[in-house]
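K.L.:
Chain residues, written in single-letter form:
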Amino acid sequence: MTNPILNIDAVSKRFTRMPSLTERLVGKFTGGGKPVTVHALSDVSLQVFKGEVLGIVGESGCGKSTLGRVVAGIHAPSSGSVTLHRMPVARQRGGNIHKLTTRVQMIHQDPFASLNPRMKVGETLAEGPRHHGIIPAADVQAAIRDLLRKVGLEAAYADRLPHQFSGGQRQRVAIARALAMQPEVLVLDEAVASLDVSIQAQVLNLFMDLRHDLGLTALFISHDLSVVRHVCDRVAIMYLGRLVELAPADQLYADPKHPYTQALFASVPTVGTGRRRFEAIRGEIPSPIDPPPGCPFHPRCPHAGPRCRVEVPGLTGAGPGRTVACHLNDGGVQMTKGAA
Amino acid sequence: MTAALDVRGLTTRFETRAGHVTAVNDVSFAVQPGRILGLVGESGSGKSVTGFSILGLIDAPGKVTAGAVLVDGVDLRQLSDDDLRKMRGRKVSMVFQDPMMTLNPVLRVGDQMAMAVRVHRPMSKSAAFEHARKALEVVGIPSPAERLLAYPHQLSGGMRQRVAIAMALLHSPSVIIADEATTALDVSIQGQILAEVRGLADTTGTAIVWITHDLAVVSSLADDICVMYAGQIVERGTAEQVIDGPRHPYTRGLLDSIPARHEPGRKLPQIPGSTPQLSHLPSGCPFRPRCPLATELCTTEPPLDIRDGQAVLCHYPLERA
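Note that the protein sequences, when read in sequence, are chains A and B.
Counting along the first sequence from 1, when you hit position 200 you're at 200 in my numbering, and nothing is skipped either side.
Counting along the second sequence from 1, when you hit position 308 you're at 308 in my numbering, and nothing is skipped either side.
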């Protein structure tokens with residue numbers, strides 16, 4: 001296979017909140033007042049190849065948005081590295097922020113929050129490329145008009161303010177803004193989640209067209225399994241900060257291997273299946289502040305055994321191009337000799 | 001059998017600077033005890049305002065201008081404010097998208113639930129607590145006695161929504177109206193709650209109106225479905241009828257836009273344009289500008305076409321496949 005253009009290598013991201021003065025004082029008597037650490041990402045490795053759309057799926061708190069932000073260079077990883085063409089993406093002191101981070105562009109969920117309400121859309125689109133000198137100043141206006149047409153808006157809309165657009169149109173503007181930087185990788189974080197179904201279809205069609213025309217490489221972060229299936233080539237399933245399964249989309253949907261993936265698919269309501277029982281997953285997602293030891297899914301897993309409670313399962317091969325992090329795929333859930 | 005909820009010709013208008021806006025336009029539907037009605041629509045279709053109008057929760061500049069809302073045969077619109085307040089929570093209750101809208105953040109779950117019990121039924125505090133504990137148990141909350149002592153912020157989002165549903169259940173109402181009640185939750189938690197809701201309707205005989213934008217949820221949860229567009233119910237039928245054989249071009253368009261119904265990577269059929277502004281509705285059928293079948297005839301009010309109980313508001317209803 002060709003070399004990956006984006007390499008996410010053993011990335012972990014922890015957020016630590018220091019206790020306030022009062023909490024520290026109270027803590028002297030109660031034993032609390034310690035720093036609180038959220039383990040948003042634990043040891044995530046992924047490769048993204050040129051021209052592919054990689055889906056990142058999971059429920060809230062699974063770290064999918066944090067992963068997107070680390071890839072976009074907004075957060076630096078606590079450990080591990082993200083490299084684009086073997087160059088680190090993360091901010092470096094006095095360093096590459098002006099060059100590399102422009103190569104990865106992010107599209108956010110809420111087009112009402114991600115556009116400056118006081119800035120004309122044309123200005124919003126021109127600001128990035130002008131600042132970074134991506135498009136010669138003389139050509140910026142023509143480029144903006146071209147971009148607007150590309151995302152299915154009229155060139156004349158450049159003089160409008162965001163409030164004059166509907167939600168779907170704003171998301172088109174957000175996509176145009178990302179494309180204005182001529183990025184190599186797009187990160188779409190729940191980019192169609194807040195849109196109505198009929199508008200969502202329009203934006204998905206636009207994304208698929210652009211992808212085809214421009215050969216985009218993208219991380220498509222979403223909680224919506226049917227949308228991901230529609231636009232992604234490969235899908236990574238995350239749970240509680242860890243990657244639990246990675247597979248080509250068609251294979252994953254035909255035959256999910258990880259018990260969490262299976263349970264997730266079973267709880268998703270689908271149109272036209274008629275009345276049925278929802279096969280609910282037991283229990284709730286544990287807190288990433290104090291993740292369970294061993295496999296993060298073991299408290300809810302119907303197959304969990306003693307080994308799952310102590311040993312974190314690594315990613316192991318499960319067919320061509322597929323990996324899964326589950327002891328069932330790696331010698332079983334019983335304790336093996338010599339292990340803890 | 002009398003319907004638990006019978007809404008007839010409900011119309012709600014808002015007085016705005018841009019003129020009259022009819023957010024709910026002549027809406028009629030009925031829900032039998034133990035059945036779940038899915039009220040589906042996109043943003044701005046009037047589905048939530050319909051829910052609020054049923055409970056008489058419309059404030060100025062809005063006003064319910066016409067129609068009847070019969071709960072167990074009693075018309076809520078004919079009641080005085082005091083009598084209506086006695087019905088709310090006891091006969092009809094509501095579950096909102098954000099459980100923090102329902103829960104008081106500074107009161108323990110048990111205290112506020114007991115309060116809600118005692119408002120309608122005089123009983124001792126300990127009896128009210130016991131009643132609340134049973135309600136928590138019904139919605140599948142583990143160790144309900146402990147949860148009574150918790151504050152809302154100590155519970156997860158899914159737990160809070162269960163508490164909100166438990167509060168709606170306290171007086172075994174005839175009707176529960178749930179407005180996007182699982183939209184903010186993760187799919188695995190949503191699955192758990194939908195299973196509980198289905199069980200509740202089956203075992204307690206409560207009629208449920210499930211308001212949502214999510215066709216997938218209603219298609220697997222609801223018995224009947226009403227599709228709203230621009231304040232009107234444009235199609236009404238059983239879940240099978242509406243999902244498997246939609247007769248309104250809008251319903252068909254909505255179902256076609258769902259990615260899961262198409263081969264991955266294919267272009268999705270899309271409804272052109274966006275939902276109309278209620279203050280600038282076109283004459284005749286409001287869906288006309290986006291409809292592939294529209295003709296000159298559609299500038300006139302569309303007729304109601306009913307076949308096998310499936311009602312559709314359209315000049316050119318689709319034939320069932």
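No lab work stands behind these hints: they were computed from the structure.
Hints are supplied without guarantee of correctness; some may be wrong.
Claimed, not checked - Here are the computed lysine-lysine pairs in the DSS-like style, where the Cα-Cα straight-line distance is at most 25 Å:
1. 86/B x 134/B
2. 91/B x 125/B
3. 50/A x 91/B
4. 86/B x 63/B
5. 120/A x 150/A
6. 267/B x 150/A
Claimed, not checked - Far from chain A, by Cβ distances over 12 Å, these chain B residues were calculated:
7. 267
8. 295
9. 307
Remember, it's a predicted structure, so these values are computed and weren't measured experimentally.
Heads up, the beta-carbon is just placed ideally off N, CA and C, and yes, glycines get one too.
K.L.:
State for each hint whether it applies.
P.N.:
Hints, one by one, checked against the model:
no.: 1; hint: 86/B x 134/B; result: holds (22 Å)
no.: 2; hint: 91/B x 125/B; result: holds (22 Å)
no.: 3; hint: 50/A x 91/B; result: violated (59 Å)
no.: 4; hint: 86/B x 63/B; result: holds (21 Å)
no.: 5; hint: 120/A x 150/A; result: holds (18 Å)
no.: 6; hint: 267/B x 150/A; result: holds (17 Å)
no.: 7; hint: 267; result: violated (5 Å)
no.: 8; hint: 295; result: holds (21 Å)
no.: 9; hint: 307; result: holds (20 Å)
In this structure, the hints that do not hold are numbers 3 and 7, in rising order.
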